[in-house]
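S.K.: One-letter residues, chain by chain:
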Amino acid sequence: MLTRITGGEIIDPANGRAGIGDVWIEDEKIVDPPQSGQADRVFDASGCILMAGAIDIHSHIGGGNVNTARLLLPEQHKAHLPRPDATPLSNAGWSTFQTGCLYAKMGFTTVIEPAMPPGSALHTHLELADIPIIDKGALAILGNDDFLLSMIRDNASSQAIDDYVTWTVASSRALGVKVINAGGSMAFRENVRTFSFDDVVPSYGITSRQIVKTLQASVNRLGIPHPLHVHCNNLGVPGAPDTAAETMSAAEGLPLHLAHLQFYGYAKEGKRDFASAAAQLAHVVNTTPEVTIDVGQVMFGQTVTISSDEMRQFFARVSASPRKSVIYDWDGNGGGIVPYRYRPDYYGAVQWAIGLELFLLIDDPWRVFFTTDHPNGAPFTAYPELFELLMSRDRRAEVIAELPRSAMKHSTLPTLAREYTFEEIAIMTRAAPARLLGFADRGHLGAGALADVAVYRRDASIAKMLGSAALVFKNGDLVVKDGEITHYRWGKALRVNPPVEATMKRRLDEYHQSRYGLSLDWFDFPDSAIHREQPFGEVPCRT
Amino acid sequence: MAVAWIGNREASLEQAVEQAASLLKASRCPVFTLDTDIHGTRAAIALAEQVGGAYDVAGGEVMARETALYTDKGGIFADASETRRRADVIVVVGSLPDYAWPLIAELAETVPDLSPSNIRRFFVIGDVDNLPPNSGTATNLSCGSSGLGATLAALRAKFAKRKTAAPVENFDQFAAALAESRFPVFLFSGKGCDLLEMEMLQGLVSDLNLKSRASALHLPASESGWGSMFASGWMTGFPPRTGFGSGHPEYDRWRFDVARMIEAGEADVHVWVAGRPDAPAPSHAGPSLIALAKTPEAVPGAAVTIAVGTPGIDHDAVVFTYRTGTFRTVDATEPSEAPAAASILRSIAEVITPGVPLPC
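As they're listed, the protein sequences go chains A and B. Residues in the first sequence are numbered consecutively from 1, following UniProt numbering. Residues in the second sequence are numbered consecutively from 1, following UniProt numbering.
One or more of the hints may lead you astray.
[Claimed, not checked] Sample of chain B residues at the chain A side, in silico, Cβ under 7 Å: (1) S12; (2) H39; (3) F77.
[What the hints assert, rightly or not] With a straight-line Cα cutoff of 25 Å, these simulated BS3-like cross-link-like pairs (lysine-lysine) come out: (4) B/K211 - B/K294; (5) A/K324 - B/K191; (6) B/K158 - B/K73; (7) A/K324 - B/K294; (8) B/K25 - B/K73; (9) A/K324 - B/K73; (10) A/K481 - A/K29; (11) A/K481 - A/K464; (12) B/K161 - B/K25.
Read the hints as simulated data drawn from the structure, not as lab findings. From the three backbone atoms N, C-alpha and C, an ideal C-beta is built for every residue, glycine too.
Let's have the full structure, built from the sequences with the hints guiding it.
M.R.: What follows is the structure, encoded as structure tokens:
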């Protein structure tokens, strides 16, 4: 079928296209205008903006920790309102079904779950497969696992490390690799209560830095498109800016992605030992071109923090609101689920400001990514409001006026006049994520791209405009019309698939037999286990 | 061989599916009881939404209190892998599910490889008979005949250096073991603990973590039930005992207690999904029973019986396993023509709303 979307303002920075024009779709792909000029169906997009479908690089949308958060907080589902109700289970609060619907309504068509424990990859993929409409992907967690830490301690060869990373990524159907407080969970199991970048993991004699550098180098050698995705040590701790800066400086010319940088922006200054260090961090990012970051913006309200940084979550229990939490001493990273309410008090206001400062002080929209670290900083349903804050200094001023002045004294935010343009929004949420994740087929509107297209009707309210798309096409299929879901379709989980080396597989089988009393089969699964047609799509590694 | 029955009469599969769909369409309050694999659970929940039903798992009372530990309080939990590799002290709290006995034996036969300790010591709170045979020696901790909850409370008090009404037998030995321990793990289940006892145990674990590390391994009373709990969580946001009668999912552990709904006469159709051949069939006189069961004959009293396969025996399956604390695939050990419950449930849904497939 040939589809023409006509008369809209096209914003496609990856192809340098900006202005009124047409987008043509043939079946699942975007095509050049056909010579005939005849379409099977035409959509009038006059008064609208057209962008590629948005890509969220860091949103906790599925897996054991997310599901435990649901279990822990049945009373919190209202945090994810409003609920569409035209399609099965889409009105189930904070369900996988609702997740897909709400993302699609905002014009997001690909979302990455950034923390998949390899040992429970099947669980993660079962959940992702029940998220309708959008494509997904997941990053496999390494860096608190005995096998890797032992190899580093024993000076294993780069080849052996690469073989292990390859097996992990391939067997868990991951899109890339994430490290979370490298070595921190292993240290916490031995009752270590603080852990920084150059601290030593007990029993292994290796530092967090060594773990990060080992994984960064391996991911790069293997040609996995997405750089190592790093959740630094000392998240949320006053003084963490130094840790984040040290980690960025350790990139040493190779690509490195730092997740939710806002949570490391707390300077130990002022009478409360809590002030914004966003300007310092933004300077480091601006002067370290091999580094990319996502923000993890805080928005006010109730949420729940979900993290595989077990040590951090253990200490966050005391601030749980409501007063309940789950801490997992699971094999590998473990994790924790701690509900939290961001209040517009001094501390909440500083956190809110830091995120916005990072967005506004980091010069290059290709290296700063739009996230709330859903749901850690805020549910992703807060995105429309966040877009408005980035694009309107007047809106920022309105919110600032309601916040404690003492907090704003410790932030540069009130002085920042920058307003994001639609082109910068398109870079940050479309073109740049595609480049960062190695997607050639999306994030742009050029011929040959998947026809993931979001059409927004212009409105004085940016939040209204970007929160409810007029039209959304996924693979050329119209799935949202006038802000409502029309029907389900089932996307894929995107993965890399490097070839696994047989010797490593044998070695891992022996390891699992001796250490867990289980064969390696317990930790792998066939694609057919997912019960969806073609549940996975492959993203090629660099050659 | 017959695979479907309407009442006691043999029927074709299509006829049985039609009859089941007819009963569900006419029902004002259908309820579902689940004892199946993950895909059977997914299809059942999706069908429950379609017909406005409520669902629970088999043995729902025990699992309701296990889920209540999470919904009401939370806690600190280890998995079996970390327990095997790191726990140098094991404390068995109350009776555990029979399926966990091989783990206890395995823990007795091995030592932790991720701990500087090269021994593993065992203690029991409750009845020593809760330990399986050949699981090694264990030291009993008890406050006489005061029961599990009182012993746990006394242990908390003793560690907090408060007075207790009764002494805890072998406390000094236990305190000395914990002082040396790097990672003690308490094993418990809703099978052997009520909610207050589980909360008291988590209080003790939390207290111990103020200065050192400790954790708790939850061994759910039913593995299939716990797997269904996970699927229910991601599909609806809630654990089982969720109902769709109002058009959207509502979780209420009393209102949607399926056994209570049947007994109180609220339910008019009961869909029983059980793949295990030894699953006890419901014996109620109230609602019309649609039985999807591993059976060679009509289930007594059922309005409709459809024979389904056993997950992992007749067909490949995805199941929850306590051993890794997550899902695994199980290949069919005796592949047969017996259909998976999920496929029957989808067929019923297709009859109820033709052309609108279930989302699972």
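S.K.: Just to be careful, I want the Cα atoms of B/K211 and B/K294 compared with a cutoff of 25 Å; is the pair within it?
M.R.: violated, 51 Å
S.K.: Under the criterion that the straight-line Cα-Cα distance not exceed 25 Å, is the pair A/K324, B/K73 satisfied?
M.R.: Given that 25 Å is the threshold and the Cα spacing comes to 5 Å, the pair holds.
S.K.: Sort out whether A/K464 lies within 25 Å of A/K481, counting only the CA atoms.
M.R.: holds, 15 Å
S.K.: Does B/K73 lie within 25 Å of B/K25 when you go C-alpha to C-alpha?
M.R.: The hint is violated at about 39 Å.
S.K.: Should the hint that B/S12 touches chain A count as held when the rule is a Cβ pair under 7 Å?
M.R.: Since chain A brings no Cβ nearer than about 26 Å to B/S12, farther than 7 Å, the hint is violated.
S.K.: Mind checking the CB of B/H39 against every CB in chain A and telling me if the closest is under 7 Å?
M.R.: holds, 5 Å
S.K.: Given the proposed pairing of B/K158 with B/K73, does the C-alpha separation stay at or below 25 Å?
M.R.: OK: B/K158 and B/K73 at ~23 Å, within 25 Å.
S.K.: Could you check if B/F77 really has its C-beta closer than 7 Å to a C-beta on chain A?
M.R.: holds, 6 Å
S.K.: Would the hint linking A/K481 and A/K29 be met if the CA-CA limit is 25 Å?
M.R.: holds, 19 Å
S.K.: Would you mind confirming whether the straight-line C-alpha gap from A/K324 to B/K294 stays at or under 25 Å?
M.R.: violated, 41 Å
S.K.: For A/K324 and B/K191, compute the direct alpha-carbon distance and say whether it is at most 25 Å.
M.R.: holds, 23 Å
S.K.: Just to be careful, I want the Cα atoms of B/K161 and B/K25 compared with a cutoff of 25 Å; is the pair within it?
M.R.: violated, 62 Å
The structure shown violates the earlier hints numbered 1, 4, 7, 8, 12.
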